[in-house]
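Undergrad: Put together the whole structure using the sequences plus the hints.
Count the sequence shown with the working numbering and you get residues 1 to 719, in order.
Please keep in mind that the hints were generated in silico from the structure rather than gathered at the bench.
All values reported here derive from a predicted model rather than from experimental measurement.
Among the hints, erroneous ones may be present.
[To be verified] Straight-line C-alpha distance at most 30 angstroms; calculated DSS-like pairs for lysine-lysine:
1. K610 / K566
2. K541 / K610
3. K544 / K610
4. K610 / K543
5. K490 / K566
6. K566 / K548
7. K490 / K536
[Said to hold, decoys possible] Per label pair, the in silico range of CB-to-CB distance:
8. K543 / R138: 50 to 60 angstroms
9. S225 / S100: 45 to 55 angstroms
10. E480 / K33: 50 to 60 angstroms
Note that CB positions come from ideal geometry on N, CA and C, so glycine has one too.
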Amino acid sequence: MPINQSSANTKTEILVEGMSCSACAARIENALKEVPGVFEAHVNFATARSTISHNPETTKNLLVKTISDLGYTTPKHIDGTEIHSRQEKFLKIRLIPAISAAVISMVLTMAISSRLGDIATATLATISVFWCGSKFHRAARIQLLQASLGMDFLVSLGTLASWLWSSIALLSGSQNHLYFDAASVITAFVLLGKWWEARATLYSGAALHDLAASRNQKIRLIDGSDVTLDSLQIGAEFIVRPGETVATDGTVVTGISDVDTAMLTGESQPRSMTTGDLILGGSINGDGTLTIRATAIGADTAAAKIVRLVEEAQGSKAPVQKMADRIAQFFIPCIIVLAIGTLTVRLLIGHQSEDAFTAAVAILIVSCPCALGLATPLAVLVGTGKAAKLGIIIRSAAVLEDTRRVTHIVLDKTGTITNGDLCVAKIVTPNGNKELLMDLAAALESRSEHPIARAISSCASNVLEIKNFKNFPGLGIEGEVAGVYARVGKANFFEDMLPELRSEIEHTDSTHVLVGRDQTAEAIILLSDEIRPTAKVAVAKLKKMGIKVTLLSGDNKNSCNRVANKINISRVISEVLPDAKQTEISRLQATGDRVAMVGDGINDAPALAKADLGIVMGSGSDLAHKSASLIVVNNDLLSVVDGIALSRQTMKTIRVNLFWAFLYNVLAIPLAMSGMLHPMHASAAMALSSIFVVSNSLRLRRYAASRSSTFHVPGHKSN
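TA: Okay, structure coming up:
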């Protein structure tokens, strides 16, 4: 019976320990999709995380049991970083003796040609294969029982075959065609490749892990008592001394200090914080002492939201990965058939059994699809992690592909190109009722969230009662204020206007609104807003990248042209109603452009949703904007440039990784079939292919941002 997905309102995340390659992830994913009530399941090998969308009747215990039945564990009370840390330590403990055994075996094989030397290499090979490589054999057994073979099965089959062949030969008294040294070297090389993968994955996720504050850190309350973050309550006031890390989001109650927010926003310059300012958990206090009132704790803090969003992105799959997954699904069975076929054919045409065996083992070892499985997820892990350090939240791996294809970027004006911190410059009215008209405008605007409304409402000198409030998007607002019918909005929102205002409107290039009574405009309120310092440089960089830039705004033509001229934007679309912005986006898309829309997410949500890529200039309090594919936490336009450039570089890295993984197999497998590739060389080649993919992905960590930024300041302590 088909499942009604509209009832899907539960998403469960489960950490998985014990995966060794992307085939393990695919195996778990397929099993989860077979569970009744599961609509979708994604398992990411690089993050050790499974994400399952299901109906409420499907319990987490059932999902955990499904994973456990496959032979994997689902640890509680730890995170993905701890899983990778344990994996890295386990492999390191096995790797060191494996390398020692391999080196000694090779020396003994070359230096001592005697029965005693063969027994010594056999002993070393037994330790290496069965103790150092025990992880592969346990996993291979589970894969065989589940009839779903992976990388571990190929390694286990190859090393056990080498050891068994050599043991039979040694017991029969033969000193020729012994492969004990090969079994030791293969185990060592495979462990080296897996350890390098685990180490890279661990350190790629470590910086993101640092965003989440320690649950056990001590917090000093204003009464002098110490509490942990888990026991801190909203509204509690706590003290942050110089050099300490702010424990959670809050409002500064007393004190003045320069605060380093680089951990969250990537900004290199500290911000000055004083009474009434919002401060985010994870920020590092400067040289002042602050008293802070907690406004959010736990999962509701900005740091927790950022970690959650980035983990979701790292757990998602890029479209290009689907091709690799389809190939991997059939790859290993084909390799086993190919190895058996090579062994059979070579024996039938008269080759020595030792030569046929060597070729078959070489095929098994060289074909391990580690590089193919790591090509996409590790690059996504590193790329999204690097973006988070720079204050850029990429919502999913698919966004990387969307961002790479952008050819035209549309910028909103207020809050995007400008700071959005509008203030009233002056009010012009011929009839002298400035204070009354300002109070009327401020009262009506107090009902709106637009930056213009916030600027005007802050100027109220009296609190006035409002009745029959109505909002006309893109035009204005009206209502009865203290018994007076008033309007605030654009010129075409009024039926009449005092003649003296027309000249003022025609000649001003400031952002402005009109205010009046009884549908007659009586005053013009002029507002000022500063252009962001990096806007001009950001526009120049976007053009250099071959991206067309357009300013799209509902503001008046003169104001838009003034701003556009200052930052060298030649395409300007002004006086556009909020609902009409998406129409303008559609027109640009109709010309063949892939359009990105950059806005503040307040009155341009339809346009953001319509664009091929929605970019929101966000903050710690609005990270969950549904229209955003990419969120710029620090409100810096240069971060938009970095987001696009880093996405392009990440996709380029993925393509290079996939090209290498395919090329490696295309070249190596025929060499192994021909007998020209010894199993020891095959294991080295397999390890090197994984190391290449890992190292190439890690190069994304060295991405040079368009602005100077840092992420972590060593030596600071937590309060």
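Undergrad: Evaluate each hint against the coordinates.
TA: Hint check results:
1. Proximity of K610 to K566 is assessed by CA-CA distance (about 28 angstroms); at most 30 angstroms being required, the pair is judged to hold.
2. The straight-line distance between the Cα atoms of K541 and K610 is roughly 25 angstroms, inside the 30 angstroms bound, and the hint therefore holds.
3. Our distance criterion of 30 angstroms between C-alpha atoms is met by K544 and K610, whose separation comes to about 25 angstroms.
4. For the given pair, K610 sits about 23 angstroms from K543 by alpha-carbon distance, which is consistent with the 30 angstroms threshold.
5. Only pairs whose Cα atoms come within 30 angstroms are accepted, and K490 paired with K566 is accepted, the gap being roughly 24 angstroms.
6. Simply put, K566 and K548 have alpha-carbon atoms about 17 angstroms apart, close enough for the 30 angstroms limit, and the pair holds.
7. Of the supplied pair hints, the one linking K490 and K536 holds, its CA atoms being roughly 29 angstroms apart against a limit of 30 angstroms.
8. Checked against the hint of 50 to 60 angstroms, the C-beta distance between K543 and R138 comes to roughly 56 angstroms, which is consistent with it.
9. Remark: the range hint 45 to 55 angstroms for S225 to S100 is upheld by a beta-carbon distance near 54 angstroms.
10. Hint check: E480 to K33, Cβ distance near 58 angstroms, so the stated range 50 to 60 angstroms holds.
Violation of the numbered hints given earlier is absent; every hint is satisfied by the structure.
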